Structures are given as C-alpha cells and as structure tokens.
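Participant: Mind docking chain B on chain A? Use the hints.
Top line first, the protein sequences correspond to chains A and B. Under our numbering, the first residue of the first sequence is numbered 28, with each subsequent residue one higher. Under our numbering, the first residue of the second sequence is numbered 550, with each subsequent residue one higher.
Hints are computed from structural coordinates only; laboratory data are not their basis. All values derive from a computational prediction rather than experimental measurement. Where hints are given, some of them may not hold.
Among the chain A residues that face chain B by a calculated CB cut under 8 Å, a handful are [claimed, not checked]:
| hint | residue |
| --- | --- |
| 1 | Ile44 |
| 2 | Asp46 |
| 3 | Val48 |
| 4 | Asp53 |
| 5 | Leu121 |
Virtual Cβ for every residue (Gly too), placed ideally from N, Cα, C.
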Amino acid sequence: MTETNSEKRTVLIVDDIEDTVNLYADMLSDEYEVRTAFDGKEALEKYDYEVDIVLLDRRMPGLSGYEIVERFRERGTDARIALVTATEPDFDALDVEFDEYVVKPVSMETLQDVVADLASRIKYDDPVQKYFALASKIATLGANKTDEELGHNERYEELQRDLASLEAEIGEQIAELDADQTDIGRSN
Amino acid sequence: MSTNYSTSSRPNEQLRSPFERLQRHTGVQSAAPLIISVIGVVLFPLTFGHLFEPHEGYTCAIFSATTATLSSGLVYGGYWMSGSKIPKRQYPKTALWTVGGGAFLLFVMGMMALYQISEGVALSDLTYFTAGTITTGAASGFLVGTYDARRVRAEALIQEQEKVELFNQILRHNVLNATNLIQGRAELLEPHVEPEGEPHLENLMEWSTTVSELTQKVRVLIEKVHNEDTVRKPVDLRSTLTQEVSKVTETYEDAHFEVEDDLSDEAYVYADNMLSDVIENILENAVDHNDKANPEIRITTTEAGDDIVTRIADNGPGISDAQKECIFGRTSTALEETGVGIGLYIVDQFVSHYGGEVEVEDNEPEGSIFTVRLRRVTEEI
Numbered sequence: 028m029t030e031t032n033s034e035k036r037t038v039l040i041v042d043d044i045e046d047t048v049n050l051y052a053d054m055l056s057d058e059y060e061v062r063t064a065f066d067g068k069e070a071l072e073k074y075d076y077e078v079d080i081v082l083l084d085r086r087m088p089g090l091s092g093y094e095i096v097e098r099f100r101e102r103g104t105d106a107r108i109a110l111v112t113a114t115e116p117d118f119d120a121l122d123v124e125f126d127e128y129v130v131k132p133v134s135m136e137t138l139q140d141v142v143a144d145l146a147s148r149i150k151y152d153d154p155v156q157k158y159f160a161l162a163s164k165i166a167t168l169g170a171n172k173t174d175e176e177l178g179h180n181e182r183y184e185e186l187q188r189d190l191a192s193l194e195a196e197i198g199e200q201i202a203e204l205d206a207d208q209t210d211i212g213r214s215n
Numbered sequence: 550m551s552t553n554y555s556t557s558s559r560p561n562e563q564l565r566s567p568f569e570r571l572q573r574h575t576g577v578q579s580a581a582p583l584i585i586s587v588i589g590v591v592l593f594p595l596t597f598g599h600l601f602e603p604h605e606g607y608t609c610a611i612f613s614a615t616t617a618t619l620s621s622g623l624v625y626g627g628y629w630m631s632g633s634k635i636p637k638r639q640y641p642k643t644a645l646w647t648v649g650g651g652a653f654l655l656f657v658m659g660m661m662a663l664y665q666i667s668e669g670v671a672l673s674d675l676t677y678f679t680a681g682t683i684t685t686g687a688a689s690g691f692l693v694g695t696y697d698a699r700r701v702r703a704e705a706l707i708q709e710q711e712k713v714e715l716f717n718q719i720l721r722h723n724v725l726n727a728t729n730l731i732q733g734r735a736e737l738l739e740p741h742v743e744p745e746g747e748p749h750l751e752n753l754m755e756w757s758t759t760v761s762e763l764t765q766k767v768r769v770l771i772e773k774v775h776n777e778d779t780v781r782k783p784v785d786l787r788s789t790l791t792q793e794v795s796k797v798t799e800t801y802e803d804a805h806f807e808v809e810d811d812l813s814d815e816a817y818v819y820a821d822n823m824l825s826d827v828i829e830n831i832l833e834n835a836v837d838h839n840d841k842a843n844p845e846i847r848i849t850t851t852e853a854g855d856d857i858v859t860r861i862a863d864n865g866p867g868i869s870d871a872q873k874e875c876i877f878g879r880t881s882t883a884l885e886e887t888g889v890g891i892g893l894y895i896v897d898q899f900v901s902h903y904g905g906e907v908e909v910e911d912n913e914p915e916g917s918i919f920t921v922r923l924r925r926v927t928e929e930i
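Just chain A, same shape as in the assembly (with noise of 0.2 Å):
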C-alpha cells in the first residue's frame, strides 16, 4: 500500500533476535519509515507519537511482549501494534490491547500485508479500530483453542458480546472499510 503524497508512515520493530529484526526492516523500509528495538528496554525508548505502527515479538527476556503492549497503552499514544511471535496466543492474550495476532514464520506477503492493514486503520475513531482488534483477537483464538476450551471461559464470551455490540454501533463504516482492504492470508 502506499501514501500518495503524504509521509511515509514508522513502524517500530522489537524482536530479541537481531536478524529478524533486520529482516523485518529490510522488508518494510521501502514503504515505510522504520525504527528497530532489541529488547523492552529500547522499544520504550524508541516510542513515541510518532510511531503509528508496532511489530512486537511475545518472548523476550526482560519485559515481555505483552506488558510492552501494556506499558505503550498508558502512555495514551495509539499506534496500532501487531504480536508477531513463534508462540500460540492464549488467554492471556484477551486481557492484551494489541490489534493483530500474527505467528511465525511469516511471510513477506504477509508481513506487508498485515503492516499496511494496520496503517489504514489509523485514519477510522476508536470503535471501528477497536472493533477490529478484538475480531482478530478472537479469530486467532478460535483458530488455535479447541471449541471445549473456549467455551469453559467466560472472558473469551464476554469479548463476543463486545464484538457484537460494536459491530451493531458501527456497522456502517466497518462494510465500507472491509470493501477496500486487502485479505491477509495469515500463515500458521
């Protein structure tokens, strides 16, 4: 995807393992304007609002992928932030206010695909971007737990009726934003 006479949108890439995070890089950085972090430690410093997209490993020593997640959340700003991990969600995951779930290994296709999904949610309020991150929280759940497990918890059904009321709220303009997105073929 590319902005037309605008700037190039930065993405934020944390992984521990240096490679990857150039690798990432070197995938990303025609489009975009990008900035790399090692650890926790970094990531936090490396954020700020300008930042509109985070591509975040789960298992990292020291802070792990979802307290970054945490930390980012109270500092108020909204980038948009995509797990991209080798371990299986859980539940765990539902308490965690990221918007894309993505495992390894990840596809160049893929990887451009969910980044550029992303950024054309920054321009949508809060409900229709809130509404997406929950709908892919729980596709990527339903993908990964058995129907047993996920319906012994009551958070996971309690986020159901979330994602229903929302999409009753804001229908209209989740439609709208379907008919121009790109499907993401997320690989498992």
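Facilitator: Just chain B now, with coordinates in the frame of chain A:
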C-alpha cells in the same frame, strides 16, 4: 573406597534415596510381589481351617470365610501386581504396607487379647485368631499400598507430560524463529537470483516450510497424549471435509478436488477437534506424493451401517504392498527406519483413538485410495 563406589554405581544412583538403593541391591524390588503372595499362601490354610466346622457356630464360619477370601486375595494380589502398570520402584513400599498392616492390626488385637486374659477371660484357638487378624491387616495394608503406588504413578505421568510440553515449546519457539528468518531471507533473495539458480532457491524454501510444518505436527501429537483420556464427541464430518478441502485447494493451486457424498442428512461421527488435522494430513499426502502436473483427488463419503466411510482417491504413483504395511508407522521400526512421514502416523493414531480405522488400497487404473471409517453418532444430539 569412595572411588570404588562411584564406578560401580550408575550415574543417577546418587540421586536415589538410600532406601531405594538398598532395595536394588538386595533384590527386594523384584521379590516384593512374591513376598505378598507367599504371605497369602501361608495364611490361607490357617484361616480356612474352621470354615467347615458348623458346631463352632455361624460367627466362626463367617469370620473364617471372610479371612480366607482375604488371604486368597493376597495370593492373587501379588501375582496381579507383577503384571500391573505399577512401577517396580513402588513394589517394596506396597509390600511394606502389607506387612505393616498385618503387624499393626496384630499389635492392636494382641493388646486387646492380653487385656481380656488379664480380666480372666479364656481365649480359645489363638493360632486361628492370630492368622485372621494378620490377614485382615495385611489385606487392608495391601489395598492402601496399591492405591498409594497408583497415585504416585499418576503424579509422575503428569510431571512427565508437563516436561514434554515445555521441551516442545522451547523447540518450537527456536525452530519457528529460525525458519522465519530462512524463509524471509530467501524471499528477499528471489529477485536477485539468476534463472539457473531458481530451482535451488525454490528447494530451499520448500524444505524450510517442511521444517515449520513438522513442528506443527509434533504439537498435534503432543495434544493427542494430553487428550488420551478425554471423551470423544460428535463432530460434523461433512463440514470438516468441506473446510479442509477449501483449505488445501488454496494451498495447492494445480490440484483438483472433487467432493461428493450420499449422506441423507447430517454426518456426525465420534471424534474430537483434531479431526480436521487428520483430514488435512490425508489430503496433503495425496497431493504431496502425486507425480502428475494436475493431481486429481476424489473424496466420497457413504453410510455403511453404524459407520460413515470416507474414501480419498488420488491419481498418484500408488503405494507398493510392502510400503502399505509400514506407511502408518504402526510398528516402531517403520517410523524410525523407513523415513515414513509423521503425517500418516498422526492419521492412524487419531482414527483408532476415535474407534475407527484407516486403510490404504490401490486405485484403478493408478494411484491409491485411503479409506477412513468412523463411528456414526446415532442418538439425537
């Protein structure tokens, strides 16, 4: 002296308790079931003796019958234990419970007898009384010991499972991070590769994908170990098939899939949520090993009495009779030696877990047919 000791013992010997070491060296471990049976054999005639002497009254006969049953129970108990799943390390403890139980009850009853005697009560037939007491105590002790040994075993199993899961998580995490890098770099390399170099790169990417898929399969197998005891539940076979076919259709653009069934209504079978992985593995196998430019896969589902039978037929090279034997990895050597993939092993393991079966036969004029037979859910759900 200490050097002698360390060379003669196994590396993990130091980790065991002195009690366990003693058992190992004295052979108590393997003798324990025999000891229990022998106790029963010795006690049986002593308790049995008064059973057919009605002049001594019904109380005596009932007591005799009860203790004779218990002592023969001990004889069988020792024999049963040697063939049970109770780990050998737990044998001496069970024997100790048995002996201790007998001794303890004898002590309690002995005290009571002494008290009665001191009060001037005359006790008759002390051998008989003693044997009955020891039998009752020993049998109770044996039961407690057995339950204790089973509890220890169950706890050890859970710990083992948790360890396996942890190791697998670590392995997955590292392998997926590595393949993530290999695949990503290979993709970035693609535009810079001359045409004659392309097959090399393609092969590299293919195998890298195989590695990450492998970790997924191992995860499925570990899931199976965890679900061993879970109850099978009704799963909609038709929608699972539709879903999996559309998934592989996306992955393999050159392949053609044809699905049909003669099912009247719904097609619920006994399975669990891993059924989709089972189907996926068969479909992938049919395409992956196909030598045609356009693999043709035909999936037909029919009702057969209490079963629902799905046949997955391909136009591939077929499978030789020798290979048919080991393709599902049913013997341990097949998995280790013949390089059989774990995909079909997963299929076989899960299908038999569901109470069904899977077979492979030749297709006409070429290729193979995989037949999956699953038990149909008949009652209303």
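Participant: Under the constraints set out in the numbered hints, which ones does this structure not fulfil?
Facilitator: Structure breaks hints 3, 5.
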